[in-house]
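Enquirer: Sequence:
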Amino acid sequence: MSAPEPFDGKRFCRRLPVSPGVYRMLDADGEVLYVGKARELRKRVASYFSRQSRDPRIESMIEQIADIEISITRTEAEALLLENELIKSLRPRYNVLLRDDKSYPYIYLSSGEDFPRLAFHRGAQRLPGEYFGPFPSAWAVRGSLNEMQKLFRVRQCEDTFFRNRSRPCLQFQIRRCTAPCVDRISPVDYARDVRHARMFLRGESAGVIEELVDRMEAASAALEFEAAAELRDQIAMLKRVQAQQFVAGASGDIDVIAAAVEGSAACVQVFFFRQGRSLGNRAFYPRNTGQRDVGEVLAAFVKQHYLDHEIPPQILLGAPIEDRDLLAEVFSSKAGRKVRLVEAPRGERAKWLQMAQR
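In the numbering used here, the protein residues as written are 112 to 469.
Any given hint could turn out to be false.
[Said to hold, decoys possible] For lysine-lysine, the following DSSO-like pairs were computed, each having C-alpha atoms within a straight-line distance of at most 27 angstroms:
| no. | residue 1 | residue 2 |
| --- | --- | --- |
| 1 | K121 | K154 |
| 2 | K199 | K261 |
| 3 | K199 | K154 |
| 4 | K199 | K350 |
| 5 | K445 | K199 |
| 6 | K449 | K462 |
| 7 | K199 | K462 |
[Said to hold, decoys possible] Computed beta-carbon distance windows for the label pairs:
| no. | residue 1 | residue 2 | range |
| --- | --- | --- | --- |
| 8 | R303 | E421 | 46 to 56 angstroms |
| 9 | E321 | G240 | 44 to 54 angstroms |
| 10 | R150 | R125 | 15 to 25 angstroms |
| 11 | L334 | K445 | 34 to 44 angstroms |
| 12 | Q465 | R233 | 50 to 60 angstroms |
| 13 | E322 | C378 | 40 to 50 angstroms |
| 14 | F336 | E421 | 37 to 47 angstroms |
| 15 | C378 | E335 | 47 to 57 angstroms |
| 16 | S443 | R276 | 40 to 50 angstroms |
| 17 | L201 | P431 | 39 to 49 angstroms |
For the record, the hints were derived by calculation from the structure and aren't laboratory data.
Note that beta-carbon positions come from the ideal geometry of N, C-alpha and C, so glycine has one too.
Please build the complete structure, drawing on both the sequences and the hints.
Expert: As structure tokens, then:
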């Protein structure tokens, strides 16, 4: 049996339309080697078969091509979305791939009950209430919940545990809860603590401190010195936590992303800022990153990651990336508000990128 004829890329490209779409390069066994998107399919696919010098990774891929499949889309934005879905489902060997990852964790504040609770939450946000985050790790959420117990003493127990108490649990004894389960606090006072917890999670710590100071002064004027001392300690703790989380120059919700490539390994570092507070950072290790520059790795990460996760209004990038304007357009459409991708921030924000890079 004679060997199959080699794939004639140039002849194939002459039949391609000049329209947006996605292309899939296949080997002789029908396995997908690479998935890409294009504003003009003919021009983009033809570039792989030009006589210009290519890096060894591309040469190796082209030598294995036995066929190319295409999907035409109405716009380049649609092509980008389809490309992302195909990369995730097919996981081609020549695309930069993110490891399968759990969704980010959040802090959940329940609603619709006399005594709402704070809780760790990961997954679909279907329960009635508010979700604060995302946080970079479960450890970061649990650390914040621990601080919240000290500051506001809002319950964090499961509803089944809460409804079956006949006496306060250990959390009340160590002053981490006000025992609403056995009516040790009124619904009005508990609602005030919940409101303060919500304000804190929204980045409104200054407003909480102002209210606590007013209550402390009123308690002192009424000679309720024990209550005044308790409020004083709460204010001091809140200021300490506020100082630890404060980030100079930060406002609103921002992600800061830097990447480093060394040999066949790459790392992407993401810092999370929400309402002027640092929620921590997280490292990601994409696959198939050998012989690629930082910009390529960063572009692949941003594209795949944010089409599956919450998108902040601003994303600061440690290197220029391809399709930045297109990604901003797609992200804005997905988020329902304007999203900016900034490649060269100045001032304090440039320092954040330097920190992420280190």
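Enquirer: Each hint should be assessed against the structure and marked as holding or not.
Expert: Hint check:
no.	hint	verdict
1	K121 to K154	holds (11 angstroms)
2	K199 to K261	violated (42 angstroms)
3	K199 to K154	holds (25 angstroms)
4	K199 to K350	violated (44 angstroms)
5	K445 to K199	holds (18 angstroms)
6	K449 to K462	holds (24 angstroms)
7	K199 to K462	violated (33 angstroms)
8	R303 to E421: 46 to 56 angstroms	violated (30 angstroms)
9	E321 to G240: 44 to 54 angstroms	violated (26 angstroms)
10	R150 to R125: 15 to 25 angstroms	holds (18 angstroms)
11	L334 to K445: 34 to 44 angstroms	violated (57 angstroms)
12	Q465 to R233: 50 to 60 angstroms	violated (31 angstroms)
13	E322 to C378: 40 to 50 angstroms	holds (43 angstroms)
14	F336 to E421: 37 to 47 angstroms	holds (46 angstroms)
15	C378 to E335: 47 to 57 angstroms	holds (55 angstroms)
16	S443 to R276: 40 to 50 angstroms	holds (48 angstroms)
17	L201 to P431: 39 to 49 angstroms	violated (28 angstroms)
When held up to the earlier numbered hints, the structure conflicts with 2, 4, 7, 8, 9, 11, 12 and 17 and fits the remainder.
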